[in-house]
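Student: Residue numbers (this note's numbering), protein chains in the order written: chain A, 483 to 806; chain B, -14 to 222; chain C, 2 to 290.
Because the hints were derived from the structure by calculation, they are not lab data. A quick note: this is a predicted structure, and the numbers were derived from the prediction, not measured. Note that the Cβ used here is the ideal one computed from N, Cα and C, for glycine as well. Wrong hints could be hidden among the right ones.
If you only want the chain C side, here are some residues facing chain B, beta carbon under 7 Å, derived [stated by the list, open to error]: (1) Thr160; (2) Ala165; (3) Ala168; (4) Gln171; (5) Ser175; (6) Arg177; (7) Leu178; (8) Ala179; (9) Gly180; (10) Arg182; (11) Met186.
Covered stretches of chain C (chain A as the covering partner; in silico rule of three or more C-beta atoms under 8 Å from a C-beta of chain A) [claimed, not checked]: (12) 10 to 22; (13) 53 to 64; (14) 75 to 88; (15) 272 to 282.
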Amino acid sequence: MRAALSPMRGVVLAVVLAGLVALPFFISDYRAFQFTQAIVYAIVLLGLNILTGYNGQISLGHGAFYAIGAYTAAILMDQAGVPYWATLPAAGLVCFVFGFLFGLPALRLQGHYLALATFALAVATPQVLKYKRFEEWTGGVQGIVIIKPDPPEWLAGWITVSQDQWLYFFSLAVALLLFLLAWNLLRGRAGRALVALRDHPIAAEAMGVNGPLTKSLAFGVSALYTGVGGALGAIAVQFVAPDSFTAFLSISFVVGIVVGGIATLSGAIYGALFIQFVPNFADQISKAAPWAIYGLVLLVFIYAMPGGVAWMLHYLGTRLRGRR
Amino acid sequence: MTALLEVKALHAGYGPVDVLHGVEFAVREGGITTVLGANGAGKTTLLRAVCGLIRRKGHVRFGGEPIETRVTEEIVRLGLAHVPDGRGTFTMLTTEENLRVGAITRRDRKAVQQDMDRMFGYFPRLAERHAQQAGTLSGGEQQMLAIARALMLRPRLLVLDEPSFGLAPLVVKDIFAIMRRVNEQEKVSILLVEQNASLALGLADTAYLLETGRVVLSGSAAQVRDDPTVRKIYLGY
Amino acid sequence: MEAFLHQLLSGLATGGIYAGLALALVMIYQSTHHINFAQGEMAMFSTYLAWTMVDAGLPYWVAFAGTVVLSFVLGVIIERVVVRPVEHAPVLSVVIVFIALLVILNSVAGWIYSYTIKTFPSPFDWEALRNPYLSPHEIGTVAVTTLVLLALYAFFRFTSLGLAMRAAAQNPVSSRLAGIRVGWMLALGWGLAAAIGAIAGMMIAPLVYLDPNMMSGIMLYAFAGALLGGIDNPIGAVVGGFVVGVVENLAGAYVVGTELKLTVALVLIIGVLLFKPSGLFGRRYVTRV
């Protein structure tokens, strides 16, 4: 975890940011939609990383929180007429509560057991979403269709942007805000507490860190991020349905943080790009290819590059600068 | 004097830290050698290094064969049985199964059965508890079981790490008597690491004194026992 | 009453399959303290291998035997090549390796065999077995599972190799000191687990139809069964599997309806993990200093 922002890094960030803002004007609407989806994944991966990377609590079930966020947004928009942007905090709050509540019993579980419990959650999620008793809310197997939001009027006065472009900017803004919050959180006491609990739980608690509260809060915050991502994702894709949220979704999130780099902020971005775009290419080879690639990539990264892309870039960066 | 076990310039340790700094000693064929030393001297490390359980560097010859690069399983199959500190009991197996495991690399089934009967002869308390879960045995019984299990290998060399640890004096006396018997009757050589110096020197014919990873004194047991420093620090008189 | 009996017996039949899979899980957990998340996909893949053989014209039992042997070998290879490198790595790495295995097996099966469901034959379609409570296949399943479980019990209890494997699983250091090649014992354990999984897969396929995703729900029940019985207790795992089979069927028929059966498994898993993580028959370790 790097501490303050060096001027060099600040310049790089500014350039990247400018590029991100300019991007939609140079690509098709469909591509803009894809990048929006990547931004959504980046938010989700950030959330998962907080829990699994920084705090060491393995979750194979974050697809469930993504689904909760997505359905919260869909139900609010479809049945309560809530404007799309207001569903985000709602989804975040609902997921925070669910996450925190799940985190409480999860305190008793470690390693494989926690992985198993979250995996069970992931596998059971589609079935719960299809349950007949909930159908009037969830729309059952068919799900819920959402109307794509229009760009706001104050912007329409300035420049014309398409719906997809607007969604991209909106997501980008949300993501930047969330990244900033996470960056601030992780480099402060909270961040150190998370990592201390992961690496040396007994020592951490002996030094005054409230283990149970911190760990449950980590779950809650992680779920919050994932839920906001889910809501954004639902709005971008314009519908929610149970079969979009299978166990494989949870697994792809894990692939994302491993490839991107566990316990890094930038890793969320690299991982998101990976899980958004690789399947698109791989799909052209065969329907099964994306997951075979995911599996192989996972193995390669675990054996050879456990720090992920973020670590590799950092390492290359230090080599280039002549340090060792 | 043929040396069954010869160790020269042995360096070993855990992680980046060396605990042994060039240790040299030998066990005579048919003899009983003891390595003494205080806590932290490196005695357990020494035994683990010889058996290949930890990283080591140097020269170790067993029955003339170099074993410093071999893995534990192969060293054991050459006839070296190690009774570790803490006894290493298979707590979930029965007493009898523990003994069977000791002989698991042997092919001669009839002889294994005979050996098992002989072990029960040496240790009648084990015979009484032969179908009991080994984790329920007392400390002394587990120590006997550990030795019996090692003997089931029909080893050439029996290596023991602090067999007296945590045991009542009477039990220890029994165990040491059996070790002498095994050495005399079955010609099993013994390498014994002990904190209890007087006991060890009573049994052994050769002794080494280990201090912070180096051999500082060696000789016959009688010589070492009469050494004034040993008498003061380790024997208490 | 007849319907209840049918549900109960049916539950026992599927419970036998869960028991087999739970046993495979426990075998791997006992020796490595890892939960093999890929167990289900390994079983699914083996079943596809069997299907290929049957499709090519081989008689059922020849394909059955061939699949069991092949699966054993594959299990050994997976342990030596995929699992060995991460033996001592942090838990997260190991979990991810298992997930990777799950994903690769699933997609390769989908790639080779496509995702359209296939029927898998049952060798038990005999007139003599027809009765109002259990289908002939369910009876055959119970018979096969019982045989397998008995054979395994005998292997571990009465043979030298079985003893060596038990010793290696319980106490690797002491086992090495007895000359046991612990690494190979682990590989054999994986081979056996894979073979058991293959048998379970071939028994369940005629009931649920063969497709790459057929094992995901089943594995959840197997996990529940293994946890319920005590993740490091083989007999407990078997009992746990049967219990879960019966509970799943009864709950599905009388309480929550078939749609929420998986949720029952989820609740069971979380419940056991929270309130009695060592399971109903969890071992009480007795050790003296």
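Student: A separate judgement is required for each hint: does it hold in the structure or not?
Tutor: These are the hints, each one checked on the structure:
Interface restraint check for Thr160/C: the shortest CB-CB distance to chain B comes to about 11 Å, outside 7 Å, so the restraint is violated. Because the smallest distance between the Cβ of Ala165/C and any Cβ of chain B comes to about 5 Å, under 7 Å, the interface hint for this residue holds. Annotation: Ala168/C was flagged as interfacial toward chain B, and the flag holds, the nearest CB pair being 5 Å apart, inside 7 Å. The beta carbon of Gln171/C is positioned within 7 Å of a beta carbon in chain B (closest approach about 5 Å), and the interface hint is therefore held.
About 4 Å separates the beta-carbon of Ser175/C from the nearest beta-carbon of chain B, less than 7 Å, and the hint is met. Among the interface hints, the one on Arg177/C holds; its C-beta lies about 4 Å from the nearest C-beta in chain B, closer than the 7 Å criterion. A hinted interface residue such as Leu178/C counts as satisfied when its beta carbon comes closer than 7 Å to some beta carbon of chain B; here the least separation is about 5 Å, so the hint holds. Using the Cβ-Cβ criterion of 7 Å, the hint placing Ala179/C at the interface with chain B is satisfied: the shortest such distance is roughly 5 Å.
For Gly180/C, the interface hint holds, since its Cβ comes within 7 Å of a Cβ in chain B; the closest pair sits about 4 Å apart. Because the beta carbon of Arg182/C sits about 5 Å from the nearest beta carbon in chain B, less than 7 Å, this interface hint is met. The interface hint given for Met186/C is violated, since its Cβ lies 11 Å from the closest Cβ of chain B, which is over the 7 Å cut-off. Counting residues of the segment 10 to 22 of chain C whose C-beta lies closer than 8 Å to any C-beta of chain A gives 0; at least three are required, and the coverage claim is violated.
Taking a C-beta to C-beta cut-off of 8 Å, the segment 53 to 64 of chain C contributes 0 residues in contact with chain A, too few for the three needed, and the coverage statement is violated. Chain A is given as covering the segment 75 to 88 of chain C, and this holds because 3 residues of the stretch bring a CB closer than 8 Å to a CB of that chain, at least three being needed. Using a Cβ-Cβ cut-off of 8 Å, 3 residues of the segment 272 to 282 of chain C lie near chain A, which meets the minimum of three, so the contact claim holds.
Hints 1, 11, 12 and 13, counting from the list given before, are not met by this structure.
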